[in-house]
Amino acid sequence: MSELSKLTIAEARDAMRKGDVTSVEITEACLAEVNAADALGAFVHKTPEIALDQARAADARIKAGDAPGMCGIPLGIKDLFCTKGVDSQAASNILKGFKPEYESTVTSQLFGAGAVMLGKLNMDEFAMGSSNETSAYGNAVNPWKIDDRQLTPGGSSGGSASAVAADLCLAATGTDTGGSIRQPAAFTGIVGLKPTYGRVSRWGTIAFASSLDQAGPMTKTVRDAAIMLQAMSGHDPKDSTSADLPLPDFEAALTGDIKGKKIGIPREYRMDGMPEEIETLWHEGAEMLRAAGAEIVDISLPHTKYALPAYYVIAPAEASSNLARYDGVRYGHRAKLAAGDGIVQMYEKTRAEGFGHEVQRRVMIGTYVLSAGFYDAYYNRARKVRALIKRDFDQAFAAGVDAILTPATPSSAFGLGEMAEADPVQMYLNDVFTVTVNLAGLPGISVPAGLDSQGLPLGLQLIGRPWAEDDLLNTAYALESAAGFVSKPAKWW
Amino acid sequence: MSIDIDTARRVAHLARIAVDEKDLPALAGELSNILDFMEQLNEVDVEGIEPMTSVTPMRLKRRADVVTDGGMQDKILSNAPDAREGFFAVPKVVE
Numbered sequence: 001m002s003e004l005s006k007l008t009i010a011e012a013r014d015a016m017r018k019g020d021v022t023s024v025e026i027t028e029a030c031l032a033e034v035n036a037a038d039a040l041g042a043f044v045h046k047t048p049e050i051a052l053d054q055a056r057a058a059d060a061r062i063k064a065g066d067a068p069g070m071c072g073i074p075l076g077i078k079d080l081f082c083t084k085g086v087d088s089q090a091a092s093n094i095l096k097g098f099k100p101e102y103e104s105t106v107t108s109q110l111f112g113a114g115a116v117m118l119g120k121l122n123m124d125e126f127a128m129g130s131s132n133e134t135s136a137y138g139n140a141v142n143p144w145k146i147d148d149r150q151l152t153p154g155g156s157s158g159g160s161a162s163a164v165a166a167d168l169c170l171a172a173t174g175t176d177t178g179g180s181i182r183q184p185a186a187f188t189g190i191v192g193l194k195p196t197y198g199r200v201s202r203w204g205t206i207a208f209a210s211s212l213d214q215a216g217p218m219t220k221t222v223r224d225a226a227i228m229l230q231a232m233s234g235h236d237p238k239d240s241t242s243a244d245l246p247l248p249d250f251e252a253a254l255t256g257d258i259k260g261k262k263i264g265i266p267r268e269y270r271m272d273g274m275p276e277e278i279e280t281l282w283h284e285g286a287e288m289l290r291a292a293g294a295e296i297v298d299i300s301l302p303h304t305k306y307a308l309p310a311y312y313v314i315a316p317a318e319a320s321s322n323l324a325r326y327d328g329v330r331y332g333h334r335a336k337l338a339a340g341d342g343i344v345q346m347y348e349k350t351r352a353e354g355f356g357h358e359v360q361r362r363v364m365i366g367t368y369v370l371s372a373g374f375y376d377a378y379y380n381r382a383r384k385v386r387a388l389i390k391r392d393f394d395q396a397f398a399a400g401v402d403a404i405l406t407p408a409t410p411s412s413a414f415g416l417g418e419m420a421e422a423d424p425v426q427m428y429l430n431d432v433f434t435v436t437v438n439l440a441g442l443p444g445i446s447v448p449a450g451l452d453s454q455g456l457p458l459g460l461q462l463i464g465r466p467w468a469e470d471d472l473l474n475t476a477y478a479l480e481s482a483a484g485f486v487s488k489p490a491k492w493w
Numbered sequence: 494m495s496i497d498i499d500t501a502r503r504v505a506h507l508a509r510i511a512v513d514e515k516d517l518p519a520l521a522g523e524l525s526n527i528l529d530f531m532e533q534l535n536e537v538d539v540e541g542i543e544p545m546t547s548v549t550p551m552r553l554k555r556r557a558d559v560v561t562d563g564g565m566q567d568k569i570l571s572n573a574p575d576a577r578e579g580f581f582a583v584p585k586v587v588e
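Chains A and Y are the protein sequences, given in the same order.
At position 360 of the first sequence (counting the first as 1) the number is 360 in the numbering used here, and the numbers step up by one without a gap.
At position 55 of the second sequence (counting the first as 1) the number is 548 in the numbering used here, and the numbers step up by one without a gap.
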């Protein structure tokens, strides 16, 4: 039975359509894996009854014919998505016990396409973190292991990455504000796609930084990412930033033919102190694309080094505003008050108890950069630098570049707790290759490309033109085929 | 830009997060370090640059200003820590 949870979306879809297997059988296999994997800390709310109800409905639909690609596919859902009647707390104590009365657009579309929810997945609190260590649920753990240490699955979508890499589910939803889909995908040897900003509705997804947040698929293969993106994306009148543009057929774009495509290699992504094996992998990735018929060109994205500081002004500023709603009045936690405490004490005590350390720090940084006298010096300056970062990409694309190849992360997965004493800025450096993509609103995908000398997965990132996820997925498909990454973590959990 | 203890206290209050007096020096240090990191932005010439507003030029959708939903007081109050008689309840605000 456990073999069924190892299926890809495409394999499961085809087998269910042929009648070789049912969604109930695959779902039961996944639920058994989920229940045996508590040591990974990936699933934090399990929903077996909902899963089996959805699986039975999916089987009926498949039998009747004409079921969409995601029909009957068991998924894990990141805790950031509001799911009706099911705990949705963004891994924060301030939303403990919150059961939404509504369904996010992403999950609503996935369930409408027949997908099955196995449960909610661990993450960094409010998606603020790069190691899943800020979660109120405790750590999610990487299924990859090379010694006695437990390794981070990355963050913030750490539970999603761990669950997919460990074959607890066929795929998972993630969200990406500065790299939170792509970095964990790279750390766990799976595929993670952040779509163009506006491709996927943000309605009902708990907000971190509204101008950067974007949901996307975390899957075992590029083909699966294409199938799942199709079901997640599209215009939503409930999100005014969701784009009213036609959706390409993403899976149909996967021809593997990239002859004549121009792939840019940005020289500014060669960082001091970057491990040599990442540099080597990057070079090998470029050679693979060249061998597949692409033209490799050196490009310059001169404002790259300013992306992280700009991000760490803009994202906390938006977070401080978005998280102002957690005041102990309408939902979630309220602190016990002392005699004589007024409403200000209620807010202050509630937020001090409900928010973890990193969230408090970012809300306060955001409050500071938006406060009178500093707004222009920090926030407006960062927004202008953001425009320059986007202009760098615009110029590269205008010069004929179809996609840009970079490393996904500056290292492989590190040990849980190893960054505990480090300066917060050290942790922020995890996002150095991914954060530019969020600032520019572009689509980016992390593709597993090899193992480092310790035996841990490494990913390469491809960055595409806006609204051209179809072309980006096809280039990623060519890279995936050439890299031939098939390694799986040995089961220890 | 270095944040002193008074500024840290003020920012915590603006953010409505209670911080113990004894924790303020460490907080001020952490916030200062992060702001030092942001100082790099001052190297960039942003003269004449407009802040970015969208990925590709597009006008935000407009919608008719009409009521499309409502009549769900029970659902709106269902997650409240303290709801009474159809209202959210909070400590006394007006003396």
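If you are wondering where the hints come from, they were derived from the structure by calculation, not from laboratory data.
All values reported here derive from a predicted model rather than from experimental measurement.
One or more of the hints may lead you astray.
A few chain A positions that, by computed beta-carbon distances, are all more than 10 Å from chain Y [unchecked claim]:
1) D244
2) A286
3) A292
4) D341
5) A387
6) L451
According to the in silico footprint, chain A covers these stretches of chain Y (three or more CB under 8 Å from chain A) [stated by the list, open to error]:
7) 519–531
8) 538–547
Glycine included, each C-beta is placed from N, C-alpha and C at the ideal position.
The hints, checked one at a time:
no.: 1; hint: D244; verdict: violated, 7 Å
no.: 2; hint: A286; verdict: holds, 26 Å
no.: 3; hint: A292; verdict: holds, 28 Å
no.: 4; hint: D341; verdict: violated, 6 Å
no.: 5; hint: A387; verdict: violated, 4 Å
no.: 6; hint: L451; verdict: holds, 32 Å
no.: 7; hint: 519–531; verdict: holds (count 8)
no.: 8; hint: 538–547; verdict: holds (count 6)
Checked against the numbered hints listed earlier, the structure breaks hints 1, 4 and 5; every other hint is satisfied.
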